[in-house]
Amino acid sequence: MDYDLLVIGAGTAGSFAARTAIGLGGRTAIVEQDGFAGTCLASG
Amino acid sequence: MLVSTVELAWRARRGAELGLAGAAGVGLDWGEVIARKNRIVASWSQGKDQALERQGIAVLRGHATFLAPHELQVGDRTVTTEKIVIATGSSPARPSIEGIEHTVTSEELLDRTALPGRMVAIGGGAIGMELGFAFARAGLYTNVSVRRITGDRTVEADIGGTTHRLSADVVVVATGRPPNTEGLRLDLAGVRLERGTVSVNEYLQSPTAPHVYAAGDVTGRHQHTPAAWYEGRVAAENALKGNHEAVDFNVFPTTIFTIPAVAQVGLTEAEARKRGLRVGVGRSPFEDNTAASVREETEGLVKVIYDEASGQLLGVHILGPNAEDLIHIAAVAMRGGLRRRDLAGMHYVFPTLAGTVFDAMWE
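Residue numbers (my numbering), protein chains in the order written: chain A, 1 to 44; chain B, 1 to 363.
Source of the hints: derived by calculation from the structure; they are not laboratory data. No incorrect hints appear here.
Partial pick of chain A residues on the chain B-facing surface, computed with a CB cut under 7 angstroms:
(1) Asp2
(2) Tyr3
(3) Thr20
(4) Gly26
(5) Thr28
With a straight-line Cα cutoff of 20 angstroms, these simulated EDC-like cross-link-like pairs (lysine to aspartate or glutamate) come out:
(6) B:Lys37 <-> B:Glu7
(7) B:Lys303 <-> B:Glu271
(8) B:Lys303 <-> B:Asp359
(9) B:Lys48 <-> A:Asp34
(10) B:Lys303 <-> B:Asp342
(11) B:Lys303 <-> B:Glu324
(12) B:Lys241 <-> A:Asp4
(13) B:Lys241 <-> A:Asp2
(14) B:Lys37 <-> A:Asp34
(15) B:Lys241 <-> B:Glu202
(16) B:Lys303 <-> B:Glu287
(17) B:Lys274 <-> B:Asp307
Negatives, chain B to chain A, calculated, CB over 12 angstroms:
(18) Arg13
(19) Gly15
(20) Arg118
(21) Phe249
(22) Val294
(23) Arg295
(24) His347
Glycine is no exception: its CB is placed at the ideal position from the N, C-alpha and C atoms.
Next comes chain B alone, as it looks inside the complex (with noise of 0.2 angstroms):
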């Protein structure tokens, strides 16, 4: 949500360079821009107990921990279960750097209502990618191969074998999110634990603890929204009616909401030639695409990853404008088996952007 304002606010400014008068003088009311996103979050959750009441769902509020394996305390009562699901989602990390207690987490940092002068994020993951674009097209300065931090606020980092200092307003830590665990006494349902993360086989059961299965962040896997939902059904379906469904995340496509963003589906080109396949490559730039000329936004490019006798796409990896869209082609190809000749040969509309995707297909 914060990205696509910032991204607003950075196309507007652009639009100097495309004719719009008063463009230049855009700016962003970071305390709206946060108040905005507190209100949305706030009407997604407001009567979400009150609609699972509803549908038929008992709703304990509390912490739920296990007293035995079908018996656990949630608040001050006892309940007795056939089966459960583990859904309990996942915590920004707090590494043992020196100095952390200098630093936020992402989600503190998305409740401050002004913006850091200097902000330096530590963690070049999805997280903290996507915060270091954010704030660095809101007009900051941001550094994101931080590897550590001594005193306040000053993070001492190696970058390229010297020694830097970088003094910052804000130092924000984006080290991944391990499972919340902590508390259940997973132990008394004899589930095993593998690094702090609940671990299930394909059906998402626990192996140790056959009426546990286990949903979302808590499993360690695809941290993302769609494979939360995904796990969730397929979680309850297998507890209930016996396992039946394995989950299945070949064709899963994701992005990363840099600005602008970088999403793929399938391998990438080393995945695909580690497993000893006859890697074909396929690419085109959006310096060549009519759409992206026209809005000033060539950066980036299709890259496609196909086995080279049959022209099977195995994998699809988009930097550039509307990247996070336009990865449904791919993804709708992989799916449906449509191999890389069928989409070569697709009419498409001119300009569009989508129209980069089929013209990567051509050899």
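Just chain A, same shape as in the assembly (with noise of 0.2 angstroms):
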């Protein structure tokens, strides 16, 4: 296996799944097609 763990979407719940299976030591990957910001965050 490539990861511990694959997280689909880097809005706002993906990007804290990820950064807290990285700080578990976990293999760790985030997938994201359009921006970085969670939907509440990017509209305004």
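If you follow the hints, you should be able to join the two separate chains into one complex; please do so.
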């Protein structure tokens, strides 16, 4: 396996999930197709 | 952000009543308001991918599609993984209403650099209410109880049993945000969807695909930023360390940023009564608050729902100035297990808006 945890989406929930996983020492990847902010934050 | 700017302009114009000279001429440069919003939003997402990479996280660009339970296609590469967290968020709903092509979403509306003359908002949830209030305080006509739209930007609505025809320059649709699950091929991972949302247990785990977790808007439950960061952390911890933390939203304060805002934590009076609890209710209006009177912002009240026998706080609801901050007094009290009497006896600073929260704790 390439990763312990793959997070799909780099919005608010996804970014926190990925940072938590790397903090726990897991091999972590995050997938994002658009921007890097959550909906509430990105839309104002 | 836009609400705070619009509210500032509204306050400034009302400043004439408080003796502020030149206040009546204060207006909004909407193009600049939107440009500033876009600058700030860009600064939040700028460099975020590099920040993630610096922490050791592999950032994969592209659309993700399941090929098998542990195998995904991302762009033109194939990756394998033990566990997965789905955090694909949500997008504005496009309900099947005749003439929907003449409407805009909340996201499209917030990128327009000119204020519409007349706006109709369809949908009375948090987003519809916030847009309605923000644009109404900007000096516009709005209506938030519309049900149908026919024809070109003329909204036909049933209001109070009679049919009204509302012509508008912009019709914004704010009828919820369904999860983004299309194109993921979650079926190939064994993940079950319930009306388009990723169905999860209290550990944020898919019951049908135990190696898959979900967090944030895509679970369709608490579509708020604080819920997203909380669920993101819990999902990742449970995925890597085994299920050890169930999500707990018992004390989860939320606010709808109308002007003034409405904030709540815990149960409503109706919910508490439905559970068969012996309910006591305390109320204190901001009219009785000196700090509110001084500001000329006396609209609203604090309402407290408590268990009559024990005085345990069941829910607190605030409509009024600074409701979005004041609600945390109630949230901390509920989390700490404080009773109504503990708060009623609190010493507090006079004059403050917070005083009304404590006053509402008296019978």
